[in-house]
Every structure is written in structure tokens, then in C-alpha cells.
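Asks: Protein sequence lines, in the order shown, are assigned to chains A and B.
In terms of full-length UniProt numbering, the first sequence is residues 1 to 217.
In terms of full-length UniProt numbering, the second sequence is residues 1 to 255.
Fair warning: there could be bad hints in the mix.
Under the rule of at most 25 Å between Cα atoms (straight-line distance), these lysine to any residue pairs were calculated in the SDA-like manner [unchecked claim]:
#1 A:LYS156 / A:MET141
#2 B:LYS45 / A:THR106
#3 A:LYS134 / B:ILE87
#4 B:LYS45 / A:GLU111
#5 A:LYS90 / B:HIS36
#6 A:LYS134 / B:SER188
#7 A:LYS90 / B:ARG130
#8 B:LYS45 / A:ASP104
#9 A:LYS156 / B:TYR44
#10 B:LYS45 / A:MET141
#11 A:LYS90 / B:ILE52
#12 A:LYS134 / B:PHE49
#13 A:LYS134 / B:ARG123
#14 A:LYS134 / B:GLU53
#15 B:LYS45 / A:HIS102
#16 A:LYS90 / B:ILE47
#17 A:LYS156 / B:GLU53
#18 A:LYS134 / B:TYR44
The set of hints was computed from the structure by calculation and includes no laboratory data.
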Amino acid sequence: MLLRLDQIARGSLEPVSLSLAAGETVKVIAESRDMADELIGIISGQFLPTAGRLELFGEDAASLSEAARLGLHTRIGFVPENGGLISNLKAWENLILPATFHLDATTDELEGKVSALARRLGIPADALAAMLGKLPDRLTMAERRQVALMRAALMKPSLFIYDFLHTGLDRAAGEAMLKAAAEASETAQGTVYLCPDDAVSARITADRTVRLGAEGS
Amino acid sequence: MIAERIGRVVLDALRDSVGFFALLRQAAGRLAALAHWPVRQVFYKQIYFTGIEALGAVSIIAILAGIAITTQIVSLAGADKTLVSRIMLWTIVRELGPLLAAIVVIARSSSATASELAGMSIRGELDSLRRLGIAPLDYLVVPRVAGITVAIMAVTIYFQFIAVVSGFAFTSLVYQSPFLTPLADVVSILSLHEVSISLLKGLVFGLVISGISCLFGIRVPRSITAVPRAATSAVMRNLIAIFFLDGLISYVAFF
Numbered sequence: 001m002l003l004r005l006d007q008i009a010r011g012s013l014e015p016v017s018l019s020l021a022a023g024e025t026v027k028v029i030a031e032s033r034d035m036a037d038e039l040i041g042i043i044s045g046q047f048l049p050t051a052g053r054l055e056l057f058g059e060d061a062a063s064l065s066e067a068a069r070l071g072l073h074t075r076i077g078f079v080p081e082n083g084g085l086i087s088n089l090k091a092w093e094n095l096i097l098p099a100t101f102h103l104d105a106t107t108d109e110l111e112g113k114v115s116a117l118a119r120r121l122g123i124p125a126d127a128l129a130a131m132l133g134k135l136p137d138r139l140t141m142a143e144r145r146q147v148a149l150m151r152a153a154l155m156k157p158s159l160f161i162y163d164f165l166h167t168g169l170d171r172a173a174g175e176a177m178l179k180a181a182a183e184a185s186e187t188a189q190g191t192v193y194l195c196p197d198d199a200v201s202a203r204i205t206a207d208r209t210v211r212l213g214a215e216g217s
Numbered sequence: 001m002i003a004e005r006i007g008r009v010v011l012d013a014l015r016d017s018v019g020f021f022a023l024l025r026q027a028a029g030r031l032a033a034l035a036h037w038p039v040r041q042v043f044y045k046q047i048y049f050t051g052i053e054a055l056g057a058v059s060i061i062a063i064l065a066g067i068a069i070t071t072q073i074v075s076l077a078g079a080d081k082t083l084v085s086r087i088m089l090w091t092i093v094r095e096l097g098p099l100l101a102a103i104v105v106i107a108r109s110s111s112a113t114a115s116e117l118a119g120m121s122i123r124g125e126l127d128s129l130r131r132l133g134i135a136p137l138d139y140l141v142v143p144r145v146a147g148i149t150v151a152i153m154a155v156t157i158y159f160q161f162i163a164v165v166s167g168f169a170f171t172s173l174v175y176q177s178p179f180l181t182p183l184a185d186v187v188s189i190l191s192l193h194e195v196s197i198s199l200l201k202g203l204v205f206g207l208v209i210s211g212i213s214c215l216f217g218i219r220v221p222r223s224i225t226a227v228p229r230a231a232t233s234a235v236m237r238n239l240i241a242i243f244f245l246d247g248l249i250s251y252v253a254f255f
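Okay, chain A solo, but in the shape it has when bound:
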């Protein structure tokens, strides 16, 4: 089991259960941003749940050391709503940060991989070149999420977790973002889409849908 939440609760997040096995895609509909923040915070280890149990790749998260927990995070491709970029690094430096840190990859190796990845995800070469030299506060929201997506995909994670991927974008940009995410997730064992309750989210294909704020299952 890649991810298991057993009656997890905290703050505005009512008890919710969710499991994700290899080969599955789960859509989690959040009634509010607060609930989504609580869930993402618990999964990413930012804080502990007040109730319930979280398992990551079969391990009880509460019993993991900081180092072990961080080690498991290298197998998860988080793509946060705001991109989650480091503000004093340019987009290129943000993109290659985990790969150069964990995999000792060189920039020469990564240049080719990033270009190929961008083509695969439908990001035009000129758009890519224009964004990579900028600091995060100079990027659009869509560009920040694209950088976050490529940063995650470079690590070839077992699990992708997308957080409100299409929100705040125009329709075309939102659809392009979801298409890129689906393409990136082809190589992963499992995918979680954390979404608002809207028409675009309804069109995301998933094996199961879980609703936060109602009886989760």
C-alpha cells in the first residue's frame, strides 16, 4: 500500500480514511482550502494528526524518525498549489534542487532530461527557456506549478500528490496543467489529486473519489 489514512483528523478536517494501492489513482475532493491544508500538512509531516493513523509505503508515519520520514518524501512527488518553490533560487535551480541533492546529478545531465521532460509534458521550449532564469516571484502561477511538476517528475517518484492543480488558472491553462500531470503520473505507481469541488475536478479520471468534510471512506 502506497498511502493509507485511517480515520485521520485535525482541525477542520473531519475523520477521513483513504487507501492507495499501486496502480491506483484517487481523487480527494475538499470542501474548503483549510481541509486541504490540514490533509497535505499531515501527509507531508508538517504536523501530526490529532486522531487516526497515517501509513506511507507501509510504514507508520508516527514511528518514523525525521531522517526516515525525509527519506520517504523522496519517493513522493508533491506539487503544491503555490508551487512550493524556494524564493532565493531561480526556477532552474529550484527545478534541479532535489535531483542534485539526492541523486548527485550534474547540471549537464539534467539539461537534457529537463528538455525531454518539458516536451513530454507539453511545455513549449521557448516558454521553458523564458521561465527558467526567473526567480519564483516573477513567475506566473501556472509557471510555478509547471516548475514544481517537473521538479517532482525528475525524481521519478512512486507517488504523485497534486494539490489544487488547476485552481486560479484560466480554463485552458488548467486543462493543460491536468494533462501534464496525467502524463507525468504515467511512470508513477500511484496518484492522488486533491481538488476543490468544481466542474473541472469532476472531469479528472480516478479509480476512487473521497470527499473531505463528509463521511470519508
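Dock chain B against chain A, hints included.
Replies: Showing chain B alone in chain A's frame:
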């Protein structure tokens, strides 16, 4: 009322001290993080910012300090070249060199480091690093502690050299006295003990300034108004700490 305020100050100081030593101990245990290229990049950038970029300001202050100190010493000690050289040594190499170099670094790097880390903490970037499987201690604290410490040691030596040379250059111009002779006296008087203590002060000041700046930066509460408070708190704590440690080291080393 006064007792309460004093008590609060003492408790805050104790809490800060515990946090500071804990952070330094953790950073010392994670020096292996420098093996990662992104961490080394931060380390090199920190040396550049704290050391290389500070050289202009350090040079100006060192020249002016050297002139002022040497002028006073020569006016007091007169023609006694040995006494002039010794007092020059005591004031610049033992005391003012490490202190003024540390003050320049505090003014430039302490507030910048504390406010940068505070801003990152408030924007959730420490959590972003954890989501990437990167410990904030490894990527943010270790290279800054190592970089600032190395830079301060180098800046201290540079400051002392410029101050001594400029001081004697000035007095040789004004008093039409030899330039190389008193300079040579300083070099012959300078012992390994003095050099070691000077380097030790640089090392200790570096660890303290970097540790305090990082501590106040990363433990800031999630409020934008906390950023300037973190910066000013770091600067004030650093100033108090280095003057205290300077006195302590000098007392132990030279008495």
C-alpha cells in the same frame, strides 16, 4: 515589576542559549551535508557575501582604524619604537581586529541571514524543503554556519593586516619616520600565541554570529512583523555575545 522584567530577560537569555547550543550541536553533527552540491553552493555563496563582498567596507574601516590607533600610540609613546609596536599589536591583533571585523560582519550578514531565514520560514519554504526530502538544517543552517565562520576568520586576518600596515604607513608619512622598521618589529613581536588567539576569536565569533542569526531566523513565529524583529534581535544578541566572549577569551589568554 523590575524583578519581573529582570526575570523575563534572564529566562529569555537562558532559552536563547539552550536553543543556540542545540542548533550548533546539530549543525556540527551534520557537516557531512556539505558533500551535497546544492549545500556547497550555499556555502560558497555565503563566503562570497560575508567575506569577499565585505572587503571594501572592511578595508576602509581597517585603514581608518589603523590610522587613528597608530597616531594615538605614536603621540603617547613617542620615539619608543618597541613600545609603539607592542601597543599596536595588543590593540589591533589581540582586540580591535577581531572585534571590528566581527562588528562589520554582524552589520552586513547577521540581519540579512536572520531576515532571509525568517522570510523563508514564514512563506512555508522550510516545509517545502522537507517535502523534497531535504532537512532545512542541512540545506539552510549548516552551509551558513560554516560559510560565515570561515569568512570571519579570513576577514579578521585581512583587517589586522590592513590596519597595521596603513597605520604605520600613515605615521611614517606624518613623522617622516621609517616605514619598514616598525613594521618588521611587529612581525618579530607577533607570537604564535597571539595569532592563535586571534584565529580562535574569529572562529568563536563566526560560530556565535552564524548560530544566533540562524536561530532567530528559523524559529520566528508565522507573522510578517516577526521578520524585522528577528533581524534586530539577532544583531543585538550578536553584539552583546561577541563583546562578552572577547573579554572572556582575552582574560583567559592573556592574564
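Asks: Any hints from earlier that this structure breaks? Give me their numbers in increasing order, please.
Replies: Checked against the structure, the hints that fail are numbers 3, 6, 9, 10, 17, while the rest are satisfied.
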